[in-house]
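Make a model of the complete structure from these sequences and hints.
Chain order of the listed sequences is A and B.
Residue numbers for the first sequence follow numbering that gives the first Met the number 0, beginning at 0 and rising by one.
Residue numbers for the second sequence follow numbering that gives the first Met the number 0, beginning at 0 and rising by one.
Bear in mind the hints are in silico, worked out from the structure with no lab data behind them.
It is possible that some hints are incorrect.
[Said to hold, decoys possible] Beyond 10 Å from chain B on every Cβ pair, some chain A residues (computed):
| id | residue |
| --- | --- |
| 1 | Asp125 |
| 2 | Arg155 |
| 3 | Pro345 |
| 4 | Ser443 |
| 5 | Trp526 |
| 6 | Thr590 |
| 7 | Thr620 |
| 8 | Gly632 |
[Unchecked claim] Among the chain B residues that face chain A by a calculated CB cut under 7 Å, a handful are:
| id | residue |
| --- | --- |
| 9 | Asp11 |
| 10 | Gly13 |
| 11 | Thr15 |
| 12 | His160 |
Quick reminder that beta carbons are idealized off the backbone N, C-alpha and C, glycines included.
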Amino acid sequence: MAESSAAGAALTSIPALLARNAQAFATRPAYREKEYGIWQSWSWAEAQDEIRALALGFLDLGVAKGDHVAIIGSNRPSLYWSMVAAQMCGAIPVPLYQDAVAEEMAYVLDHCGARFIVAEDQEQVDKVLEIQDRVQHIEHIVYHDKRGMRKYDHSRMNALADVQATGRAAHHRWEAELDARIAALGYDDTCVMLYTSGTTGRPKGVVLSNRNIIEASKSSSEFDELTERESVLAYLPMAWVGDFIFSIGQAMWSGFCVNCPESAETMYENLHEIGPTYFFAPPRYFEQRITLLVIRMEDAGRIKKWLFDHFMEHARKVGPDLMDGKPVGLFDRLRYALGNVLVYGPVRNRAGMSNVRIGYTAGEAIGPEIFEFWRSLGINLKQLYGQTEASVFITQQPDGEVRADTVGVPSPGVEVKIGESGEVFYRSPGTFVEYYKNPESTASTKDPEGWVATGDAGFFEEATGHLRIIDRAKDVGKMADGALFAPKYVENKLKFYPNVLEAVVFGSGRETCCAFINIDLTAVGNWAERNNISYGSYQELAGHAQVLDMIQSHVEEMNASLAGDAMLAGCQIHRFLVLHKELDADDGELTRTRKVRRRIIEEKYADLIAALYDGSAEVSTETEVTYEDGRKGSIRATLAIRDAAVMPAQATTLEAAE
Amino acid sequence: MNELAPDSYVTDDGRTIGPAVLEMKNITLRFGGVTAIKDISFDIREGEIRAIIGPNGAGKSSMLNVINGFYHPQEGEIWFRGARRPSMKPYEVARQGIARTFQNIALFKGMSTLDNIMTGRNTMMRAGLFSQALWWGKAEREEIHHREQVEKVIDFLEIQHIRKVPVGRLPYGLQKRVELGRALAAEPKLLLLDEPMAGMNVEEKEDMSRFILDVNDEFGTTIALIEHDMGVVMDISDRVVVMDYGKKIGDGTPDDVRANPDVIDAYLGVSHD
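Okay, here's the thing in structure tokens:
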């Protein structure tokens with residue numbers, strides 16, 4: 000089946016890239032998936048065969064040009080193939096977040112008008128069936144995992160493997176049509192549609208063309224010199240633009256291998272087995288790994304613990320300089336080499352980072368200590384700044400110019416400017432085409448010259464030309480006395496404490512700032528165990544007086560460091576409470592990419608905010624919660640409110656902060 | 000579709016229940032002067048989920064041990080697949096396709112999940128000691144085949160993440176699941192579960208119920224289970240035998256049993272005099 004697409008054809012679509020890879024890298028691995036305890040692998044030639052069979056099957060089912068095909072599930076080769084197969088048919092893949100509840104899916108499926116759905120398993124199929132009577136245009140469901148599906152009515156349903164078998168059987172009938180459709184794919188045709196999780200309002204469908212995806216993949220691959228020898232672990236949601244760029248865009252452009260973990264729970268183990276060379280994770284991931292490591296070290300023997308502490312201190316001192324190629328004394332180099340054998344190497348290995356040549360983190364600010372920790376171990380961890388609307392890349396850090404507080408220089412081909420209000424704008428070949436069926440939003444985000452407003456406030460550092468992001472532009476406000484209010488900046492500072500999972504700061508237009516805090520169950524739970532504090536539930540632990548004391552000390556420490564910054568001294572936290580439940584995307588409090596939805600939280604917890612500002616010492620409340628399966632319940636709690644010490648602005652607070 | 004056998008029927012949820020695979024006829028089991036089981040008869044039909052319930056000391060586990068060949072009844076007959084079963088040792092019963100789990104988890108604590116489940120296939124390993132020791136020829140082929148089957152069980156029970164963890168370190172609910180896995184690895188025709196949900200919280204019970212139903216549905220395995228939790232039993236079983244003081248006091252669908260006055264008495268604790 001492979002020879003029908005000419006290798007010399009212009010590389011203007013993902014199927015065209017696939018055809019090139021199937022010739023140029025025929026026997027190199029394209030996809031791996033761990034199943035039944037063994038890594039199964041498909042070469043590029045085999046992958047092309049599988050994808051074409053699926054595309055032929057899609058044609059047989061009646062997939063038409065311009066159709067939207069929704070893909071719902073976790074990272075599996077067959078779901079990636081479904082996206083490319085849909086493109087071959089001239090259809091547009093629309094990956095959805097697999098943990099979304101049926102309600103959320105209903106909106107997206109209705110909005111994009113998908114006729115065909117590719118679902119991973121029974122769980123996802125059930126969600127689709129639940130909303131099918133409301134979303135009338137769904138015609139056919141294709142599922143990957145046959146388990147539990149035997150008794151379903153199959154008049155409008157098929158297993159993915161059966162669709163492929165049908166496609167293979169019908170290849171004489173559909174081959175010519177398929178090749179014609181592939182040949183007709185143009186550079187400005189839609190490549191994929193991705194729904195942004197949106198911190199406000201309904202999700203928007205971002206239309207990205209082949210040009211957007213391929214140009215962004217090409218220039219970013221060149222920026223980091225990616226080759227067909229890279230391997231990545233695909234574990235982030237398929238609906239997220241980053242995964243599309245890393246696992247499809249760059250993988251197709253560079254011809255490297257995409258590895259799919261066995262299940263979400265085995266991700267750490269699979270990462271360790273695969274040892275990717277190119278790795279992306281949100282800051283939260285790097286934070287959790289350290290928390291885990293520190294907890295383990297607390298339980299380790301004294302010699303091990305001493306070795307770890309001793310060499311990690313040395314790594315912090317010289318590691319980053321070594322990484323940036325700055326001069327380091329011979330003795331320090333030798334000590335670092337010894338540490339590498341005894342500590343750094345094993346830690347990198349356990350974390351599955353032994354082979355990482357380029358690591359990226361983005362999405363949120365990363366704590367400087369966390370960032371430095373990984374870099375001092377000899378891992379080339381960098382930051383980038385991006386958006387769905389930009390096909391990811393706006394700025395990224397070049398090797399050797401990496402810092403915790405900037406997001407780097409504009410990516411190749413990207414122009415960045417700062418608006419009068421301080422908002423960051425960009426223009427690039429990766430800039431999205433439009434929001435689907437939403438011309439008003441398109442017009443208000445992208446001006447006729449192609450400049451896109453990011454919604455983030457930032458500035459360029461004069462000395463280095465690096466971009467620094469302060470906060471979401473719409474969140475940056477003024478306090479009652481006119482001082483700058485930058486909630487995210489403060490929240491991030493709080494989140495750098497391992498015990499703090501999430502924080503929400505209030506204060507716009509008010510005299511003082513107050514905060515909600517979520518504790519991190521892993522870290523605080525472990526701390527409780529070591530201090531013989533017993534607790535029966537998350538709620539009980541969160542309300543424990545000693546936990547509150549600990550959080551209070553964190554808040555006061557942070558206040559002290561804020562006081563040293565003339566611009567932000569007004570943002571010190573005067574009063575705070577520890578929430579009785581974790582903020583959750585299922586309750587609409589966070590986006591699916593775990594960003595705080597400020598307005599919803601303000602509405603939902605209005606009683607708690609009122610109590611923060613009226614001086615009361617505690618507050619009783621009842622909160623509605625949504626369980627994973629969509630059922631609702633409520634929890635009642637009485638929360639203590641604490642006052643935190645505030646430092647006078649501009650005082651010499653260095654000692655206090657240390 | 001095949002024609003249904005004369006005494007088969009199809010349940011509301013589309014499963015086919017066939018004729019009896021196992022018939023217990025007038026079983027009496029005594030330990031010295033104590034009569035643990037008194038003249039009990041019932042059958043288990045192909046493809047059904049059959050529960051045995053009753054208060055503490057009713058003789059449920061003894062009944063399972065009789066089916067399993069661990070105890071030999073003084074009176075009565077056991078008919079398996081249409082033939083009278085002679086007195087058998089437990090391993091012979093296991094070879095006939097009857098696997099079980101235990102009330103108080105009986106796993107090898109120091110061995111991994113994988114190895115524990117692998118032991119479930121012990122009765123099917125045919126390679127000689129010599130070739131197993133050298134891991135050559137037949138032994139190698141055999142192990143690859145068995146490992147494949149075991150991996151399917153691991154996938155089915157969603158325990159990939161604990162594949163290599165020693166079971167002693169696992170929480171109770173997961174250990175129960177591993178034990179079910181070991182029984183499943185034997186590819187049983189009849190699966191005996193001794194209190195699969197004892198000591199579990201509501202969520203773990205729901206998970207376990209799901210797996211029991213899935214096993215029955217996917218592999219068509221006939222299941223006999225002993226359980227304390229009436230709610231669970233009534234939800235998942237097709238027919239229920241109720242025992243009290245070694246006697247059978249009820250037998251029928253969950254609804255029949257629930258309405259049976261003797262059963263209500265036994266559970267509500269009416270005095271027996």
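Inset, instruction - List, from low to high, the hint numbers that the structure doesn't satisfy. - result: 9, 11
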